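2 protein chains.
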Amino acid sequence: MPNPTAAMLVIGDEILSGRTRDSNLHYLAGQLTAHGIDLQEARVVSDDAAAIVAALRALSSAHDHVFTSGGIGPTHDDITADAVAEAFEVGIDIRDDAKKILLAFLEARGAEPTPARLRMARIPDGARLIDNPISAAPGFTLGNVHVCAGVPKIFEAMVANVLATISHGQPLLSQSLRVERPEGDIATPLAGLAARYPTLSIGSYPFSQGGVFGANIVVRGHDGAAVSAAMIELGGLFPEATT
Amino acid sequence: MPNPTAAMLVIGDEILSGRTRDSNLHYLAGQLTAHGIDLQEARVVSDDAAAIVAALRALSSAHDHVFTSGGIGPTHDDITADAVAEAFEVGIDIRDDAKKILLAFLEARGAEPTPARLRMARIPDGARLIDNPISAAPGFTLGNVHVCAGVPKIFEAMVANVLATISHGQPLLSQSLRVERPEGDIATPLAGLAARYPTLSIGSYPFSQGGVFGANIVVRGHDGAAVSAAMIELGGLFPEATT
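As you go down the protein sequences, you meet chains A and B in turn.
At position 138 of the first sequence the residue is numbered 138 (this note's numbering), and the sequence of numbers has no breaks.
At position 225 of the second sequence the residue is numbered 225 (this note's numbering), and the sequence of numbers has no breaks.
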């Protein structure tokens, strides 16, 4: 059975203006790879309802899972929950279970349950809550879309909670070799190797460091024996390289 | 006249597997913002021809400019140039001007012009070359798509070359205020401010540091007087905050 597939949708003007450097994509990519879920695509859109809805519809119909990050706080620019409800054509309102979680957290800190804060208890109809162990305001899963916070620590905790509830595939195995030769020198033997191992993905990632041109060659696949065999051949092709 | 719009397409399995952390999006976002070009969307796709072609068609028809990063080296997994030719339905072959640049660079280093290296001179019909001052192999512009290398130093040099040739808009002005209060406390006055300045984008970016919950409030717009006026009001709303 092929591995489940996934896409990520990062929501936020701050990424596209260059103000903030997104770190959630890199985190999610590593987690999904370790759990045998193939991340096939990622998109970044601004805090614009039409853009979010269009991306949600495209990604949720093309992949087994969609993870979103950002736009679920209490301020006027947090419109992700409403966009998800619109994308799935369901209603959205403050929900008792989410409200109870928020009120308990606010009470413990002596904070007021302002209307803005209670916006964070707005959950689309039919969604399951995702626990937020850091600041209480929950994420949620609707259909195959997992809606997570943008703050990295909260995003990471929510992803861990989602990964505990969904089916995993075979983890992608990966080995790499560092070759200090320009890619132009290694391309032909590498293409031959890739042709001999059609079930593996063999990538070449060039670098230049201190005037040295080289490449990291990465062999990935679900079949450990094939990955090992390709690595042995690779070592024969480039005997000076280092793993 | 509204500012030109742009999208970015990052091409590479290594980003989606979590092996590599993309840095080109953050760089491009900052450069475009400084030059008055609105980056509205970014996508990351794998080294898959169909995925690249579909993304190129969608992005190039929706935005004034598309910048791509990755997939133009000499190895078998470098398929961006062919995908661009397919997306625009034009031919592609080794082109004399690009070949001449590559041969001069290789000759100066005593490197062989292997067939793999000469693949980097494959340029779609009708494209303009983008100079690569670091490793010679050029990028190219076809229609509104600017095809750049993935190696950050080369990407950055190519983006600078493209920005010297295209029309800029009004730079987006941005000022920010750091408020050490949870977003739930600031959301209501902030929504009022946003409603009073409809031409500005007012964003709130929460953080938690050492147990303190707070937010950076960012006011962005093309009208410097409006940005300044909103910042003065903001300072009145949150007198304890720091810029």
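Derived by calculation from the structure, the hints in this document are not laboratory data.
These figures come from a predicted structure and were not determined experimentally.
Treat the hints loosely; a few may be bogus.
Note that identical chains are pooled: a pair holds if it fits in a single copy or bridges any two copies.
What the hints assert, rightly or not - Listed next, the in silico SDA-like pairs over lysine to any residue satisfying Cα-Cα at most 20 Å (straight line): (1) 153 x 51; (2) 153 x 212; (3) 153 x 21; (4) 99 x 177; (5) 99 x 35; (6) 99 x 5; (7) 153 x 207; (8) 99 x 1.
Against the structure, the hints:
Taking CA atoms no more than 20 Å apart as the test, residue 153 paired with residue 51 passes in neither setting, with 26 Å inside one copy and 31 Å between copies. Within a single copy, residue 153 and residue 212 get their C-alpha atoms only as close as 37 Å, which misses the 20 Å cut-off; across copies the closest is 14 Å, which meets it. Both within a single protomer and between protomers do residue 153 and residue 21 lie at most 20 Å apart by alpha-carbon distance, with minima of 15 Å and 18 Å respectively. Within a single copy, residue 99 and residue 177 get their C-alpha atoms no closer than 52 Å, and across copies no closer than 30 Å, so neither meets the 20 Å cut-off.
In this assembly of identical chains, residue 99 and residue 35 lie within 20 Å of each other by CA distance neither inside one copy nor across copies; the values are 32 Å within and 44 Å between. Proximity of residue 99 and residue 5 under a CA criterion of 20 Å is satisfied in neither setting, with 33 Å inside one chain copy and 40 Å between copies. Proximity of residue 153 and residue 207 under a CA criterion of 20 Å is satisfied inter-copy only: 10 Å between copies versus 31 Å inside one chain copy. Taking the closest pair of Cα atoms, residue 99 and residue 1 never come within 20 Å of each other, the shortest separation being 40 Å inside a single copy and 45 Å across copies.
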